[in-house]
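Q: Each chain, written out:
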Amino acid sequence: MGKMVRFAVYTNEEKTAQRVSAFLRAWAEEICVELQLAMESGSPAALDADGCALLLVDSAGLARQDIACLQAVRAAYPDCGLVLLAEDDRTAIDVYQCHPNALVPKPVTYSGLDAAMERCFSFWQKGLGWLDLPAQHRRVHIPLYQLFYAEAAGRSSVLYRAGGALQVNCALSALEESLPQPPFLRVQKSFVVHLGAVRRVSGGELIMYNDKVISVARGRLRQVQEALAVYRRARGAEEG
Amino acid sequence: MRISVAICDDLEEERLQMARLLKNYGRRKGVAWEIELLESGAAFLDLFRPGRWDIILMDIYMDGPDGMEAARRLRAQDSECALLFVTTSVEHGIASYELQASDYLVKPVAQRDLDAALDWCLQEKREYFRTINVRSEWDEIEILLRDILYIEIRRHTAFIHTAGRVVQTPRGMNALEEEIASENFLRCHRSFLVNQRHILRMEKRDFVMDNGDLVPIGSSDAAATRRKFMDWLFLRNWKNGGAAGMF
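Keeping their order, the protein sequence lines are chains A and B. Note that this note's numbering has the first sequence beginning at 1, numbered continuously upward. Note that this note's numbering has the second sequence beginning at 1, numbered continuously upward.
Treat the hints with care, since some could be wrong.
[Claimed, not checked] Covered stretches of chain B (in silico footprint by chain A; criterion: 3 or more residues with CB under 8 angstroms from a CB of chain A, positions within the stretch not fixed):
1) 80 to 92
2) 103 to 115
3) 227 to 238
[What the hints assert, rightly or not] Below, in silico cross-link-like pairs of lysine-lysine (DSS-like), each with a Cα-Cα straight-line distance of 30 angstroms or less:
4) B:Lys228 x A:Lys126
5) B:Lys107 x B:Lys23
6) B:Lys125 x B:Lys107
7) A:Lys3 x B:Lys228
8) A:Lys3 x A:Lys126
9) A:Lys126 x B:Lys125
10) B:Lys204 x B:Lys125
11) B:Lys204 x A:Lys126
12) B:Lys125 x B:Lys29
13) A:Lys212 x A:Lys189
14) B:Lys29 x B:Lys107
15) B:Lys204 x B:Lys107
16) A:Lys3 x B:Lys29
17) B:Lys204 x B:Lys228
[What the hints assert, rightly or not] Computed list of chain B residues with no C-beta within reach of chain A, every gap over 10 angstroms:
18) Glu98
19) Gln100
20) Leu122
21) Arg135
These are computed hints drawn from the structure, not numbers from a lab. Cβ coordinates follow ideal geometry from the N, Cα and C atoms, glycine included.
When you get a sec, could you build the whole thing from the sequences and use the hints?
A: Below, the structure is given as C-alpha cells:
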C-alpha cells in the first residue's frame, strides 16, 4: 500500500459524522488508500490541519469567524485540501469564500463523497497503493485499484484492468498476498477479484464488469456472497 | 500578456457593468483584458472552443441553453478555464461546484466582490498564466508556458517551439529548465525539454507531439523518462476526471 494519509472531519452532527466516516472508510478500501481518519467536533476555530491531507468540514452553523478561520487554514496549509459539506444552495454559495476544493451535498451519499475525493486527488495521491511487478522485458507499475481481477497462468498471472490484460512474472498466490483483502478476494484457485469489479452474482458465478464469467469454488461461495453484500452495503445501501 | 474574458449575460446593462468592473480591476492591478460580450448561452456556445477564453463570467437565467447548460457543455471540452457565475439566482449553489466554478457572485455585484473573485482566480490559475521572457535578436518576447511544445538546444542556442513559430534565444538548457520549473515539463534528453501537455503519444524512441514533430527520448534514461511521463499522465487524467467511474 502507499503512505498513510490523514483526513480530519469536523462536524457537530452525529449522524453526519457516522455517514462520512463509514463512506470514507469504504472509499479508502475500494481505492486502496491507506487512510487515517480523525473525527472532530466543536468549532473549526480549533481545527488542526497539521499533517492533514484533507479537511472535511460541515458548514452547518459556520459563523463568519469560522469562515475566516478556514481561509487562514487554506493559506497556512496549501498542501491540505478542503472539502465542505453543505445542506442547501445558499450555504454552498456563502462558503465559496473559503475556496474549497470540493463540496459534498448533505445528506452525504457515497457517490457525492466519491466525486469530491476525485476532485481532491492531488492531496491524497501519495496514499495510493501500487503494484510493481516484473514482466517480460519490463516492470508493470499500476495502482492497485485499477486491477479488476487476476488469473493464474502457470507460474505467472494475468492482470485484467480497463486498459486490457497484462502478464506478470508472479504466481497468483504470491500476488494474492500483496493485495489488500478486502477489496480483493480469492474466489477459486485460479482467480482473485476486486469486489467492486463484480457486476452481479448469478448462481455460483460472478459476472464481471466486462461480462467475463468467473465460477466461484463451491467451498468459497458463501464467503464471496457475504463479502459482496458487506462491500455493497457499505457504499450503496444508505443511498437507496 | 492579455487575459481573454467572456462575459455572457442576456442583459446589455449587466454585460457593460461587468466589463466596467473588470477594467477597474485591470487598471489597479496592471492586468490587460481582452473582453468579449455575449448575449446568450447559444451565442457563447457558437463561439466557444477550448482555450479561447481564460476566464468566463456566466449569467444563469437566459433563454435557450441557460448558463448552467452552457457551462456543462463548456466543461465537457475545457477543464482549465476559470468559470465564475454572476447571477441573480441563489438556486444553483450546489450544482455550481460540479462544474468546477471558481466563484459564484450574486447580483448586484460590488467591485470588492469581483476583485476578491479575480484575485483568487489569478492565484489559482497562476501556472496556466505563467510566461517566460526571452531575448531573441533585438526583441524581448513573452511566451506563455502552456504554448511551448518543446525546447531544443543546438550550439548554445535554445530553439523554443510553439504551435505557430520557433523562437531562438542564446540560453542554455539548465538555465531555462530552472526558470521554467514546471511539473508539465520533462527533460527527456540532454538537449530537449518537452511540454508533456502537448505529447500526443509515446513511441519507443520518441515522443510524438501534437503538431507531428518527434522529440527524442535519451537512451541513457529512457525507462525513467517513460515512467515519469506515465506518472504525469496518470495525475493529469485524475485531475481531468479521467480515472472516474472505474467500475
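Q: So, for every hint listed, does it hold in this structure?
A: Status of the hints after comparison with the structure:
no., hint, in the structure
1, 80 to 92, "holds (count 3)"
2, 103 to 115, "holds (count 3)"
3, 227 to 238, "holds (count 5)"
4, B:Lys228 x A:Lys126, "holds, 15 angstroms"
5, B:Lys107 x B:Lys23, "holds, 18 angstroms"
6, B:Lys125 x B:Lys107, "holds, 24 angstroms"
7, A:Lys3 x B:Lys228, "holds, 19 angstroms"
8, A:Lys3 x A:Lys126, "holds, 6 angstroms"
9, A:Lys126 x B:Lys125, "holds, 23 angstroms"
10, B:Lys204 x B:Lys125, "violated, 34 angstroms"
11, B:Lys204 x A:Lys126, "holds, 29 angstroms"
12, B:Lys125 x B:Lys29, "holds, 16 angstroms"
13, A:Lys212 x A:Lys189, "holds, 17 angstroms"
14, B:Lys29 x B:Lys107, "holds, 23 angstroms"
15, B:Lys204 x B:Lys107, "violated, 55 angstroms"
16, A:Lys3 x B:Lys29, "violated, 42 angstroms"
17, B:Lys204 x B:Lys228, "holds, 15 angstroms"
18, Glu98, "violated, 8 angstroms"
19, Gln100, "violated, 8 angstroms"
20, Leu122, "holds, 13 angstroms"
21, Arg135, "holds, 33 angstroms"
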